[in-house]
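There are 2 protein chains.
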Amino acid sequence: MSLLVVGSVALDSVKTPFAEASDVLGGAAVYFSTAASIFTQVKLVGVIGSDFPKEHMEYLKNRGIDIKGLKTEEGKTFRWSGSYSQSFNEANTLDTQLNVFASFNPTLPQDYKDAKCVFLANIDPALQLNVLQQVESPKIIALDTMNYWIDNKKEALLKTIKEVDIMIINDAEAKQLSGEHNINKAMEKIISWGLKCIIVKRGEYGSVTIHSEGYFSLPAYPLREVIDPTGAGDTFAGGFMGYLASVEDIGFNRIKEAMAYGTALASFNVEDFSLGRLKTVRKEEVIERVERLREMMRF
Amino acid sequence: MSLLVVGSVALDSVKTPFAEASDVLGGAAVYFSTAASIFTQVKLVGVIGSDFPKEHMEYLKNRGIDIKGLKTEEGKTFRWSGSYSQSFNEANTLDTQLNVFASFNPTLPQDYKDAKCVFLANIDPALQLNVLQQVESPKIIALDTMNYWIDNKKEALLKTIKEVDIMIINDAEAKQLSGEHNINKAMEKIISWGLKCIIVKRGEYGSVTIHSEGYFSLPAYPLREVIDPTGAGDTFAGGFMGYLASVEDIGFNRIKEAMAYGTALASFNVEDFSLGRLKTVRKEEVIERVERLREMMRF
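Protein chains in written order, with the numbering used here: chain A, -2 to 296; chain B, -2 to 296.
Where hints are given, some of them may not hold.
Given that identical chains are not distinguished, each listed pair holds provided it fits within a single copy or across any two copies.
[What the hints assert, rightly or not] In silico lysine to aspartate or glutamate, EDC-like type, Cα no more than 16 Å apart, as pairs:
| hint | residue 1 | residue 2 |
| --- | --- | --- |
| 1 | LYS186 | GLU222 |
| 2 | LYS182 | GLU222 |
| 3 | LYS136 | GLU160 |
| 4 | LYS182 | GLU268 |
| 5 | LYS172 | GLU222 |
| 6 | LYS193 | GLU210 |
| 7 | LYS68 | GLU281 |
| 8 | LYS51 | GLU70 |
| 9 | LYS136 | ASP162 |
| 10 | LYS113 | ASP162 |
| 11 | LYS110 | ASP246 |
No wet-lab data here; the hints were simulated from the structure.
Given the sequences, and given the hints that come with them, work out the whole structure.
Have a look at this one:
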């Protein structure tokens, strides 16, 4: 199934305790598409400014990602800058410049409307719903969000959640959204709003899911070194949704496997700044890490 | 194999966001012994004051724990008081009164000296070594420690580590002890000091191990409610070592199973204050949770 993603395309500046990078390619939709395109055809919906480097457009095209839905507007591309401490557990946002992203109002190209699989990355939940309504008969729909929308657009977010199958969020967001301190209670509450499945991302501690058929917990892939965790969550979502789109199934076993593919891809992503490592990773390498994960969970 | 444990016996006062308990039975050696006694005969080494309630002595005896090595000294029993926030992730120590524990200098009863399995709970590493040297021919030796000893008695701690097979510590302690921020690097460094295996406890995120035969990660048992996490780490260690003592083997597969038993027991322990739940849990209930853990990791 072809997979549509709507979300940010950005130029990121990132500082870690060991190095830094300025104005590098980033954004949820870019990390997501790069990861997902290992498994399936991706149609990207987003907006960039007239300053967006041509090389990045070339990269997306060469990767086989459909960018008919990536609009160029007069002005500057969305910019995010952040830093990480030595634990790498949380990004500290230093600056956000929405630029052309501020007035983002996506209209789908005609041949995007038959997409069967949709990922609504972290944008205004009203826009997420708007995009979803332009898709004719989606079969698998997932969304992400962030604390800002939970704080400021909760009603719209709850309305969008009612239309989707799978929610992929992080630990803190799940707790905030549900008002529960216990993550298992939080997940049960959120899934009861009509989802088929909720995935909670926990960074270096892995991920957990509740699905109508059960509970599943997956560790992170063990790395000896992290260079830049930016985009790890979006890469996870990309591997996860790309895999699901390729098998056209969201049964429990497929969800578990999809989490493992997302985890493996995220582990490659954090090994370099921007998409440095993700751009070159081969499917066989991803499968190798999935098998290693399987191995280290067997007892 | 019989299992010897040396560590604290305490009266704890605990405050959570929902309830509190004062002067209840606690201490690493008590949680450890209670959990381990499900699998094997436990010999406890510790000290109590003349104020220690008789009912607790009766409890330990009735449980079949050998308390010949539990000395009563004139004075007050070791007391710890702490509180937890809603996340329950870390205890906030409010007060520690060492009392009779301050001059603790354990001498083993004659019939403790043939113990084959030894757990050195968190006490002064010099005392840990002293106890170990009194055991004639131990086959499986493990230790725990805490930030205080890493800060103040590192040399003695490193000396003790050289004599043991397995180290069981938490995430923060592993990072502090190794000076590494990455937990996988931290574990590799510590195991290279001569251990056969290192287990890192990560609270609600489960536990991980590096063993000469590989890497293994285990989630925590998912609970909807935590009442009091005090003693969870010692209960984990008790289930872990009790199981190993019963199978007389520290091969990789046994280590993995032992972690699952420790995890299951710890999950019961946090369901009530003090040893409220742990005292009554049956072996079949523990096995049930181990099987549930196995199930929720399969993919």
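For a quick check of understanding: which of the numbered hints are violated here, in increasing order? 7, 11
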